[in-house]
Amino acid sequence: MPLVTERRAGTGVPVEVQRDIEQFLFDEADLLDGWEFREWLDLLAPDIRYWAPTRENRLYRERRKEMAKPGESAYFDEGHAELVQRVDRLYTHMAWAEEPPSRSRHLITNIRVGATERADEFDVESSFYVYRTRGERDVDHVVGKRYDLVRRAATRYGFQVARRMIVFDMATLLVKNLSLFY
Amino acid sequence: MTVDVSQYIDADRGLIRGEIFHSREIYERELEQVFARSWLFLAHDSMIPRPGDFIQNYMGEDPVVVARQRDGSVKAFLNQCRHRGMRICRADRGNARNFMCSFHGWTYDIGGNLIHVPHEEETYDPEVFDKKDWGPAQVPRIAVYKGFIFGNWDPEAPSFEEYLGDMAWYVDAYIDRYEGGLEAIALHKWVIPSNWKFNAEQPASDMYHAEVSHASAVQVLKRPGADNGAQRYATGRGHQFSSPYGHGAGWFDTTESSSRNPVIAAWENETQPEVAKRLGEVRAAAVRGHANIFPTFMLLNNGSLRVTHPRGPAEMEVWAWTFVPVAAPPEVKEQYRVEVLRTFSPGGMFEQDDAENWLEEQRILRGHMARKNPLLYAMQLGRARRDADGFPGTTVPHCYADEGARGMYRHYLDLMSGAPWPELVERKRRRERAVPR
Numbered sequence: 080m081p082l083v084t085e086r087r088a089g090t091g092v093p094v095e096v097q098r099d100i101e102q103f104l105f106d107e108a109d110l111l112d113g114w115e116f117r118e119w120l121d122l123l124a125p126d127i128r129y130w131a132p133t134r135e136n137r138l139y140r141e142r143r144k145e146m147a148k149p150g151e152s153a154y155f156d157e158g159h160a161e162l163v164q165r166v167d168r169l170y171t172h173m174a175w176a177e178e179p180p181s182r183s184r185h186l187i188t189n190i191r192v193g194a195t196e197r198a199d200e201f202d203v204e205s206s207f208y209v210y211r212t213r214g215e216r217d218v219d220h221v222v223g224k225r226y227d228l229v230r231r232a233a234t235r236y237g238f239q240v241a242r243r244m245i246v247f248d249m250a251t252l253l254v255k256n257l258s259l260f261y
Numbered sequence: 006m007t008v009d010v011s012q013y014i015d016a017d018r019g020l021i022r023g024e025i026f027h028s029r030e031i032y033e034r035e036l037e038q039v040f041a042r043s044w045l046f047l048a049h050d051s052m053i054p055r056p057g058d059f060i061q062n063y064m065g066e067d068p069v070v071v072a073r074q075r076d077g078s079v080k081a082f083l084n085q086c087r088h089r090g091m092r093i094c095r096a097d098r099g100n101a102r103n104f105m106c107s108f109h110g111w112t113y114d115i116g117g118n119l120i121h122v123p124h125e126e127e128t129y130d131p132e133v134f135d136k137k138d139w140g141p142a143q144v145p146r147i148a149v150y151k152g153f154i155f156g157n158w159d160p161e162a163p164s165f166e167e168y169l170g171d172m173a174w175y176v177d178a179y180i181d182r183y184e185g186g187l188e189a190i191a192l193h194k195w196v197i198p199s200n201w202k203f204n205a206e207q208p209a210s211d212m213y214h215a216e217v218s219h220a221s222a223v224q225v226l227k228r229p230g231a232d233n234g235a236q237r238y239a240t241g242r243g244h245q246f247s248s249p250y251g252h253g254a255g256w257f258d259t260t261e262s263s264s265r266n267p268v269i270a271a272w273e274n275e276t277q278p279e280v281a282k283r284l285g286e287v288r289a290a291a292v293r294g295h296a297n298i299f300p301t302f303m304l305l306n307n308g309s310l311r312v313t314h315p316r317g318p319a320e321m322e323v324w325a326w327t328f329v330p331v332a333a334p335p336e337v338k339e340q341y342r343v344e345v346l347r348t349f350s351p352g353g354m355f356e357q358d359d360a361e362n363w364l365e366e367q368r369i370l371r372g373h374m375a376r377k378n379p380l381l382y383a384m385q386l387g388r389a390r391r392d393a394d395g396f397p398g399t400t401v402p403h404c405y406a407d408e409g410a411r412g413m414y415r416h417y418l419d420l421m422s423g424a425p426w427p428e429l430v431e432r433k434r435r436r437e438r439a440v441p442r
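If you're matching them up, the sequences are chains A and B in order.
Sequence positions in the first sequence follow this note's numbering and run 80 to 261.
Sequence positions in the second sequence follow this note's numbering and run 6 to 442.
Hints listed in this document are in silico derivations from the structure and should not be mistaken for laboratory results.
Treat the numbers as computed from the prediction; the structure is a model and nothing was measured.
Even for Gly, the Cβ is constructed at its ideal location relative to N, Cα and C.
Don't take each hint at face value.
[Stated by the list, open to error] Cross-link-like lysine to aspartate or glutamate pairs, in silico, EDC-like; alpha carbons within 20 angstroms at most:
1. B/K80 to B/D114
2. A/K144 to B/D97
3. A/K148 to A/D248
4. A/K148 to A/E204
5. B/K338 to A/E161
6. B/K338 to B/E275
7. A/K148 to B/E188
8. B/K227 to A/D167
9. A/K148 to B/D97
10. B/K377 to B/E365
11. A/K148 to B/E336
12. B/K80 to B/E161
13. B/K338 to B/D97
14. A/K224 to A/E85
15. B/K338 to A/E85
16. B/K338 to B/D181
17. A/K144 to B/D58
18. B/K338 to B/E261
19. A/K224 to A/E145
20. A/K144 to B/D177
21. B/K377 to B/E24
22. B/K137 to B/E125
23. B/K151 to B/D135
24. B/K227 to A/E161
25. B/K151 to B/E167
26. A/K148 to B/E339
[To be verified] Here are some of the chain A residues that sit facing chain B, going by a computed Cβ distance under 7 angstroms:
27. T84
28. R86
29. E141
30. A153
31. R168
32. T171
33. M173
34. A174
35. W175
36. A176
[Claimed, not checked] One-sided and incomplete, this derived list gives chain B residues near chain A with beta-carbon spacing under 10 angstroms:
37. Q12
38. D15
39. G19
40. R87
Pulled out of the complex, with its shape left as it was, chain A reads as follows (with noise of 0.2 angstroms):
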């Protein structure tokens, strides 16, 4: 997971483009609490790579494998066409893990937005906690962070997300499943 003291230094941005680039995230929040699922795909880049690689308990000597690494297990690993077809899924309404819906909570915090070398991208990592209930008594919360690459676009929105590493802060998944977008 990159480090804080990896961070490159000297790539700070305008408060514009920060408070810019938080609310696209905001607005990709209420997105997917409020079932606009196709509107949520067009904040993702046609070359968007949406991952979650998965986390295990290990000695302190072989930290470094705690996170899986690419192509290892993962519980998303997308394009934007399987982006697609998980969104086709749940509008058949007969996807029964959500439907009925569950209602949601996207809580996003901890914004960082950093320049890159080129001057369309920024590195931008975000904090999330998505609380969810599902018929009467279900609940759930799913913490974690986001590593993204967020790219200027000519959208409603104004940029679109390339590539995105969720970081769940979990080993075992302690959640029932993973119906929702984060």
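Please arrange chain B on chain A, whose structure you already have, making use of the hints.
Frame of chain A; chain B shown alone:
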């Protein structure tokens, strides 16, 4: 007062009351009568290839360390320090020469031998304490079946070969298709709030649910130019196998690969003749679908093999590995990995929906009336045949069936009666002899 579960289960008529999924008392008895004397999955050779390699696994609720020894053998021991019961090894897996308990520093080698006790000379009188008597409990029976390592706490249990019996023929269709066997390349672990038996009877016996529970996935996961499974589901043409030792398997009567992934399907079709040389035409073309080695080792035809750990009557923990043929090209292995990830991992488009069914089943069984009415396991009742159509053992000629579940619960009753294994083996033999051919 020992609970008698036979009042809840009529295996012959396929009527089962939900008390067995709800009761804490029955669960505690299961830990003793099922998990402490059944063959349970420990590891695969590919997970612990080198001396010192270990994984932590569970046998029921008992954590075990499974470690490759220097002589190439595998040992498994209870992950519990004999001193005060602290967990000896707290990593999920890795490579080590020894393990130090972080409570008082008692240190064990990878065979589970106690090799060092801090301040031993000042503290323990050699008359009463010898390190070699205080290693953790060793799993006394280890069996390796085509790379799959199983363990059993009961010295009186039948051999793994006898325990599998005819099920071996069906299991080989999953794990013995290619020279070089399989290797595990991914792992997912997650928790589902429902009884472990839901994820035992389903892979043993329930293809029937797929058409409706997984309708959304069947609908969107289309392979260009090929059927997406809807036709197979609509006809249900297939078979189901039921074992006297509680194992079950079911499949559609396919003639070629049923993978929805074009790369996997092309490779499986291309290599089907070589599989046929190894296993015969029928197992090359069909027989894979869903299967369960009792109690909790599940096999699917997409490379997903998993063990389910009981966590109380109302919770299970699933550990699902993705297995690929060692001989497959890297791009094919990668497709197996992502295909399982997208369909049968916790975010998988099939997997997500199973948890909904099980959760509601479990919650409703808190009700008193809900536990009075028997649940129905009566499909294909009266249609079982022995050694028919080239299929060994008991099968029914349709894959929408409950024969696997009836066999599973009949075996479950045998174990829960508490009769020792030699008596159970004899009981099963008598039962088999009584069946008209």
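So, going through the hints one by one against the coordinates:
Distance check on the hinted pair: B/K80 and B/D114 sit about 11 angstroms apart at the alpha-carbon level, within 20 angstroms; holds. At most 20 angstroms may separate the alpha-carbon atoms for a hinted pair to count; A/K144 and B/D97 meet this at roughly 11 angstroms. The suggested pairing of A/K148 with A/D248 holds, with an alpha-carbon distance near 16 angstroms, which does not exceed 20 angstroms. Restraint check for A/K148 and A/E204: satisfied, since their Cα atoms lie roughly 19 angstroms apart, inside the 20 angstroms limit.
Between B/K338 and A/E161, the direct Cα distance comes to roughly 18 angstroms. Compliance with the 20 angstroms bound is thereby established for this hinted pair. Under the criterion of a C-alpha separation no larger than 20 angstroms, the hint pairing B/K338 with B/E275 is consistent with the structure, at around 15 angstroms. A threshold of 20 angstroms between alpha carbons decides the hint, and for A/K148 with B/E188 the separation of about 17 angstroms falls inside it, so the pair holds. Proposed proximity of B/K227 and A/D167 is supported: the alpha carbons are some 12 angstroms apart, at most 20 angstroms.
Distance restraint check for A/K148 and B/D97: the Cα-Cα separation of roughly 16 angstroms lies within the 20 angstroms cut-off, and the hinted pair is therefore satisfied. As the CA atoms of B/K377 and B/E365 are separated by approximately 17 angstroms, the hinted pair is consistent with the 20 angstroms bound. Of the pairs offered as hints, the one joining A/K148 and B/E336 holds, with about 17 angstroms between alpha carbons and a cut-off of 20 angstroms not exceeded. For the suggested pair B/K80 and B/E161, the alpha carbons sit about 19 angstroms apart, so the restraint of at most 20 angstroms is met.
This hinted pair does not check out: B/K338 and B/D97 have alpha carbons roughly 24 angstroms apart, beyond 20 angstroms. Between A/K224 and A/E85 the CA atoms are separated by roughly 16 angstroms; this keeps the pair inside 20 angstroms, and the hint holds. A distance of roughly 33 angstroms separates the Cα atoms of B/K338 and A/E85; the hinted pair therefore is violated under the 20 angstroms criterion. With a CA separation close to 16 angstroms, the supplied pair B/K338 and B/D181 stays within the 20 angstroms bound.
At most 20 angstroms may separate the alpha-carbon atoms for a hinted pair to count; A/K144 and B/D58 meet this at roughly 14 angstroms. The straight-line distance between the Cα atoms of B/K338 and B/E261 is roughly 19 angstroms, inside the 20 angstroms bound, and the hint therefore holds. About 16 angstroms separates the Cα atoms of A/K224 and A/E145, which keeps this hinted pair within 20 angstroms; it holds. The hinted pair formed by A/K144 and B/D177 fails the criterion: a straight-line CA distance of about 33 angstroms is larger than 20 angstroms.
Taken as a hint, the B/K377 and B/E24 pair is honoured in the structure, with Cα atoms around 8 angstroms apart against an allowance of 20 angstroms. A hinted pair counts as satisfied when its Cα atoms are at most 20 angstroms apart, and B/K137 with B/E125 qualifies at roughly 13 angstroms. Between B/K151 and B/D135 the alpha-carbon distance is near 38 angstroms, which puts this suggested pair outside the 20 angstroms criterion. In summary, the hint linking B/K227 to A/E161 is supported, as the alpha carbons are separated by about 12 angstroms, within the 20 angstroms threshold.
With a CA separation close to 15 angstroms, the supplied pair B/K151 and B/E167 stays within the 20 angstroms bound. For the suggested pair A/K148 and B/E339, the alpha carbons sit about 13 angstroms apart, so the restraint of at most 20 angstroms is met. Here the hint on A/T84 is broken, as its CB sits about 25 angstroms from the closest CB of chain B, past 7 angstroms. Hint status for A/R86 relative to chain B: violated, with the closest Cβ pair at about 29 angstroms, above 7 angstroms.
With 7 angstroms as the threshold, the beta carbon of A/E141 comes within range of chain B, its nearest partner Cβ sitting at about 5 angstroms, so the hint holds. Here the hint on A/A153 is kept, as its CB sits about 6 angstroms from the closest CB of chain B, short of 7 angstroms. Annotation: A/R168 was flagged as interfacial toward chain B, and the flag holds, the nearest CB pair being 5 angstroms apart, inside 7 angstroms. Interface restraint check for A/T171: the shortest CB-CB distance to chain B comes to about 4 angstroms, inside 7 angstroms, so the restraint holds.
Of the supplied interface hints, the one on A/M173 holds, with its beta-carbon coming within about 4 angstroms of a beta-carbon of chain B, less than 7 angstroms. This hint holds: A/A174 has a C-beta 4 angstroms from the nearest C-beta of chain B, less than the 7 angstroms allowed. With its C-beta approaching chain B no nearer than about 5 angstroms, A/W175 sits inside the 7 angstroms limit, and its interface hint holds. Checking A/A176 against chain B by beta carbon gives a least distance of about 4 angstroms; that is within 7 angstroms, so the hint holds.
For B/Q12, the interface hint is violated, the least distance from its beta-carbon to any beta-carbon of chain A being 30 angstroms, above 10 angstroms. Taking 10 angstroms as the C-beta cut-off, the interface hint given for B/D15 is violated, the closest approach to chain A being about 30 angstroms. At its closest, the beta carbon of B/G19 sits 25 angstroms from a beta carbon of chain A; the interface hint therefore is violated under the 10 angstroms criterion. Contact between B/R87 and chain A, as hinted, is not supported at the beta carbon level, the nearest pair being about 22 angstroms apart and thus beyond 10 angstroms.
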